[in-house]
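**Q** In the order they appear, the protein sequences are chains H and S.
Start counting the first sequence at 1; every next residue gets the next number (the working numbering).
Start counting the second sequence at 1; every next residue gets the next number (the working numbering).
Source of the hints: derived by calculation from the structure; they are not laboratory data.
Take the hints with a grain of salt, since some may be wrong.
[Stated by the list, open to error] Below 35 Å or equal to it, Euclidean Cα-Cα: the simulated DSBU-like pairs (lysine-lysine) are: (1) S:K230 <-> H:K108; (2) S:K383 <-> S:K369; (3) S:K195 <-> S:K317; (4) S:K142 <-> H:K108; (5) S:K369 <-> S:K195; (6) S:K317 <-> H:K108; (7) S:K195 <-> S:K331.
[Said to hold, decoys possible] Computed footprint of chain S on chain H, listed as stretches where at least three residues anywhere in the stretch have a Cβ under 8 Å from a Cβ of chain S: (8) 2–10; (9) 23–32; (10) 63–71; (11) 75–88; (12) 106–113.
[Stated by the list, open to error] Short derived list, chain S residues pointing at chain H, Cβ under 8 Å: (13) R148; (14) I150; (15) A297; (16) R381.
C-beta: ideal position from N, C-alpha, C; glycine also.
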Amino acid sequence: MHEMSLAEGILQVVEETAHAQGVSRVRSVRLEIGQLSSVEVEALRFCFDAVVRDTLAQGAHLEIDAVPGAGWCMQCAQTVPLAALYEACPRCGSYQVQPTAGLEMRVKDMEVD
Amino acid sequence: MCTTCGCGAGETRIEGEHDHDHAHQHEHEHVAADGTVYRHVHAHTTHSHAQGHTHVHRHADGSEHLHEHEHTGEHGHGHEGHVHAHRHADGTVHSHQHGHGHGDLHDYDHGETHEHVHAEADLIDFGTGPAGAHAPGMTQAKMVQIERDILSKNNDYAAGNRVRFDELGVFALNLVSSPGSGKTTLLIRTIESLKGRLPVAVVEGDQQTSFDAERIRSTGARAIQINTGKGCHLDAHMVGRALDQLGLEEGSALMIENVGNLVCPAAFDLGEAHKVVILSVTEGEDKPLKYPDMFRAASVMLLNKVDLLPHLTFNAKLAIEYARRVNPELKVIHTSSTTGEGFDEWLAWIEQGVVAQRARRADSIAAMKGRIAALEAELARLKR
């Protein structure tokens, strides 16, 4: 979904940080993307390469750390792995599962000159 | 443009605003050490100066701040932190210290709105020190820790909107659905039913045209249209600008009708109290599973056009079951804008929200008054 907006959001964060730190070139950017965040990683890479053109992050490598989905199952009263938002608890089959991890969309760090 | 949904930046229009966009350029004044004044407009890009100098920023309200710094290279000049005060368009003043790079950190928009991005205090530099002070032969590359949400800028604007709503006791709802679910018709009946009970204002989001805002205005309610152009969703900044135009009434309800899209609006907080998702019975009952993000983000689902159920094979029970798979907490109301079914419950829910929001405001005013009284008592004691 809206990968272009996300790519622009990443560039904003990167540029703000770079200018605050007096950085002239960004070599790589590392993201944390949760598996439940509905981000299409390939589309995001494509959009990122497009939006960083003519910026200090031009040509920067995009590293993406995937965060597995997890949820709190109210029936089992414990954290269970969750592959999609609409999936049942893999232990008990209940849908009373609140996602607790895997929704991340964060810029973690970047390598700069 | 977004490869998935056609979303892209630019082309946003808000009724009542000038057509030109100031967001990417600003005018400012530099006074060099020798007294020369440079006044220039420049775009959102880096620029460099040949030598160290003192310079002045003059804001739209006439306030100024002055600072000195040195430049060495071709980089967008990050300079030493300094303290300065800003007066915003709404009259609030805040003072803060920060180091910043010109041009880019200040997304200046003098005169109309003032977007100011604070330098992050939580930046931790894992490098070996400032570039240039490294040991010979070592790479100058370093890691900069960021740890910020990709949508942090939107979330900052949303927080700003939320403060405005809280200060005025406004109960704001973000209405989301596919195109054609009957959002606007439902809104019109809602506004007409609340006439004399509760002031309602509307922000309308569509890619193009102001048809919807005109329909809302024909009920007598205040409405402002946002055209997102290529964009597939409203963001918090657009809504903030629309609020400037609209003017909020104390203790009112604000309905933000988002662009008809079950995907992108889920991720963008506008500062609302709740998202309300509208699913009409002429759609598929499996939509909550096809578009789980939206049903998870919403607090209430209006199952709309239920007057048509006798003519359809739509399984309402199954649709609700699917929606609660994604969001076990979801409140569901069956509505029909034609017959008025479910409106008592829907209107009562809105009114409860408004009452709660007004109460929160009253509490914060009472707390503030208490604090003023305490400070005055302290002052009186000190004077004695």
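**Q** Work down the list of hints and note, for each, if the structure agrees.
**A** Results of checking the hints against the structure:
1. S:K230 <-> H:K108: holds, 29 Å
2. S:K383 <-> S:K369: Judged against 35 Å, a Cα distance of about 21 Å means the pair holds.
3. S:K195 <-> S:K317: Holds, because 33 Å separates the two Cα atoms, which is no more than 35 Å.
4. S:K142 <-> H:K108: This hinted pair holds, its Cα atoms lying about 14 Å apart.
5. S:K369 <-> S:K195: holds, 33 Å
6. S:K317 <-> H:K108: violated, 43 Å
7. S:K195 <-> S:K331: holds, 25 Å
8. 2–10: holds (count 8)
9. 23–32: holds (count 4)
10. 63–71: Violated, because only 0 residues of the segment 63–71 of chain H bring their Cβ atoms closer than 8 Å to Cβ atoms of chain S.
11. 75–88: Result for this restraint: holds, n = 4.
12. 106–113: With 8 residues close enough to chain S, the hint holds.
13. R148: holds, 5 Å
14. I150: holds, 4 Å
15. A297: Since the shortest Cβ distance to chain H is 10 Å, the answer is violated.
16. R381: Hint violated; R381 (chain S) Cβ to chain H Cβ min 44 Å, cut 8 Å.
Going down the numbered hints, you'll see the structure goes against 6, 10, 15 and 16, while the others check out.
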